[in-house]
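Asker: Sequence:
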Amino acid sequence: MPETQLNLDHVLPRDKGGRTTWENIVTSCFRCNTRKGNKLPQEANMHPQIKPFAPRWRPLFGMAENGLADESWEHFLYSGKDETRRSA
51 MPETQLNLDH VLPRDKGGRT TWENIVTSCF RCNTRKGNKL PQEANMHPQI
101 KPFAPRWRPL FGMAENGLAD ESWEHFLYSG KDETRRSA
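Just so we're aligned: the sequence shown equals residues 51 to 138 in the numbering used here.
One or more of the hints may lead you astray.
[Claimed, not checked] Only pairs whose alpha carbons sit at most 27 Å apart, straight line, appear in this in silico DSS-like list of lysine-lysine: (1) 101 x 89; (2) 86 x 101; (3) 89 x 66; (4) 66 x 101; (5) 86 x 66.
[Unchecked claim] Derived DEER-like restraints, expressed as beta-carbon distance ranges: (6) 65 x 107: 29 to 39 Å; (7) 107 x 87: 15 to 25 Å; (8) 101 x 67: 13 to 23 Å.
Rather than coming from a laboratory, the hints here were simulated on the basis of the structure.
Computed from a prediction, not measured in an experiment: that's the story for all the values here.
All C-beta atoms in this analysis are idealised placements derived from N, C-alpha and C, irrespective of residue type, glycine included.
Turn these sequences into a full structure, and let the hints steer you where they fit.
Answerer: And the structure:
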């Protein structure tokens with residue numbers, strides 16, 4: 051499926067305590083994301099095909115020459131110990 055038809059979905063919805071972390075985010079098509087809504091995976095009978103995990107590499111997609119091309123990726127690319135890189 052083309053990237054333009056995918057979005058990010060919280061496995062455990064934020065309003066149920068889910069955080070925006072690599073381990074709680076999956077890609078989904080808009081139709082499936084709408085179908086799942088704010089339900090838990092077992093409530094929607096929809097489970098990730100692969101358990102989400104943090105990559106071992108630092109992804110460079112979404113990066114422009116002078117920083118982020120898309121600010122929505124900031125939380126994933128600069129977390130915890132990398133806080134000083136935000137102002138670089």
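Asker: Hint compliance check: list the failing hint numbers for this structure, sorted ascending.
Answerer: 7
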